[in-house]
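Visitor: Input sequences plus hints: build the corresponding full structure.
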Amino acid sequence: MTQQPIENYLKQMTLEEKIDQLLQLAVPFFEGARTEGEITGPMQELGVSEETVRNTGSVLGLSGAQEAINVQQAHLKKNRLGIPLLMMADIIHGFKTIFPVPLAIGCSWDLSLAERSAEIAAREAAVSGVHVTFAPMVDLVRDPRWGRVMESTGEDPYLNSEFARAFVRGFQGRDLRNDTSRVAACVKHFAAYGAAEGGRDYNTVDMSEWRLRETYLPAYKAALEEGCEMVMASFNTVDGIPATGNRRLLRQLLREEWGFNGVIISDWGAVKELIPHGAAADEKEAARRSIEAGIDIEMMTTCYMKHLAELVKTGVVEEKRIDEAVLRILQLKEKLGLFDNPYRGADPEREAEIVFCEEHRAASRELATKSCVLLKNEGVLPLRRDQSIALIGPFAQSGDILGPWSWQGSTEAAVRLYDGLVAKAGASRIVVAEGCGIEEADDRRLEEAVAAAAGADVIVLALGESSEMSGEAGSRGDIRLPQAQLALIERLAELGKPMAAVLFNGRPLDLHGVADRVGAVLEAWFPGSEGGHAIADLLYGDVQPSGRLSMSFPYAAGQIPVYYNHFNTGRPKGAPDAQIRYVSQYLDMPNEPLFPFGFGLSYTTFMYSEPELSATVMTPEQPLTIKVNVTNTGSAAAEETVQLYIRDIAGDVVRPVKELKGFRKILLQPGETQEVTFEITEAQLRYHHSDLTYSSDAGEFVAFVGPNSRDAAGVRFILQK
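Our numbering puts the sequence shown at residues 2 to 722.
If you're looking for bench data, these hints aren't it; they were derived computationally from the structure. Using N, Cα and C, we set each Cβ at its ideal position, and we do this for glycine too.
With a Cα cut of at most 20 Å, we get these calculated SDA-like pairs of lysine to any residue: (1) K574 to P562; (2) K662 to I650; (3) K628 to P612; (4) K336 to N179; (5) K662 to T626; (6) K628 to F607; (7) K222 to R175; (8) K628 to G715; (9) K12 to R322; (10) K722 to A616; (11) K285 to E17; (12) K666 to Y604; (13) K336 to S182; (14) K666 to P612.
Using C-beta positions, here's what the derived DEER-type ranges look like: (15) H567 to S691: 13 to 23 Å; (16) P562 to G427: 39 to 49 Å; (17) S585 to G700: 16 to 26 Å; (18) Q675 to P591: 31 to 41 Å; (19) E354 to Y587: 54 to 64 Å; (20) D180 to P577: 51 to 61 Å; (21) A714 to P624: 14 to 24 Å.
Guide: Here's what the structure looks like:
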């Protein structure tokens, strides 16, 4: 057991020691470190003294078990009270075994595999000395220009919430103290970071409180309801105030209204960034605003260290604000068992056995196959083993398939697409040529690709974005494939051969020049360590494509934001009495996305019966059920994701045209029919009213069941109250 109650540590600490406990520094500051850590922001001359480092509460970016042991050991020798460090890192979609990026995982619609991926990431991270991961990111995203959409699971509040719960369960398990193979989770970025204007990272967010509560907050709340231990404040403004200094957001909503009593941490450098935001005149004011707002840990700036003691001594800040922050940090250390076992989980021998083991790689492969989405197929796929294949494109033999936030992953160890195809059909049937770089073209490479493709039965194009083109600070105004790759497609199309495109990218793309020129499109995202094997499994039909989009693909960037759960407007396009011109529409493109939320193809086909309700009237006490028969009308066994949507016809505030309320994944053999039933409860019909109360209204609703948000059949019912 712990040698003394946590409160006793607090009582023995000087004011300066308490303030230093609120500081998080990167690995290079600490004795025993052997790496430079993972530096994601501008490294500054922080003016940190040796005494401050001795009293610092947490460290960011450790890279292995022995380093974690060394740093902790050195720290405990120097810390006056023997208070251990919290060791944190960005374990976003895997530690060394890299899984598909979270947006891809969202496209699996597989909560159990998502939870398993987080459990494996936690196991590898924990044995390597990590205590806390800065995940899951549950920001709702509707603008694919924003590079960090790859970190989210998509555009839907319900689906994001379900994945948030799954990731937290996977990372944390049920008992952090005794299960040292798990890590504490930190949900981010609170709040609404995904709504940055123009899709530009770190940019302003401005929305009504109604929109915030109805659409953006549910996934954060779901993570906290699942027991998530930490929250990271976002870089952006909320109601004109940066989240890091937003008392109403953090202290009133998060702590008082939601009852969260865990640790809140700033993002990298965000406390000091209150100054360029224009929300603080200097570092002293930034420190005051952040501690009063509720930020417990300041990451990689030193406003607290430099100014909190003076602010306390002059009576500007109450010392109890410091005390409550320190106590929350100590409580998390106690919950992780660090006072009894400061080297918690770190084990170099076990690390060598567990990290990147075959079991974990197999799980990565399985999730990658579930995460890829077949967007188009005109009979080109699946490939046959007797066909000769020309594998063309900058990703044909590239290891850059892990994606952003895979800092411990190895691109050298990643399975390339070429290797995956060779494992299926043999090297004699695969000819490979780069054709162009990701953004660079030259005639020599182009003609080599044409020559390679001329003798092949099928062309497989390996195209996409480099990992640097998405992720943090990876915003793009033009989300088409680079021109060099579009030119490659155009030139190869002249050969008149069947072509399939495999896309590696971290965001939905504008697919003009791709989807209109090739016979098949497989969206592979950044598929992770086993990507080449997983994609080959799908291309050859050894595994059926089952991924379904969790974020819409725009027809063109000019539509953005384009998402399925939009409002109807007073002049909706396509209404029976609508005029041709004076409706809500573009004159030069459709309103609808190219590929909608929930969409995805298989190598088989499914037929849905008309949905049937158990009754046409429901009450709060008496739910309804809706059922539909789904038949596999093709020749291959495959998984289908049956989706339930509901529309509220008239409300106190306008309601979306559809909202996802449930889904079921079913496996059907050829010719097999399965009845799928959903329960519809009054709770599913609740929403935030104009006064921000949360309830349902009596009236008419439509329930839709189908394979995606566009192609769903509806039936009406009434809620009586």
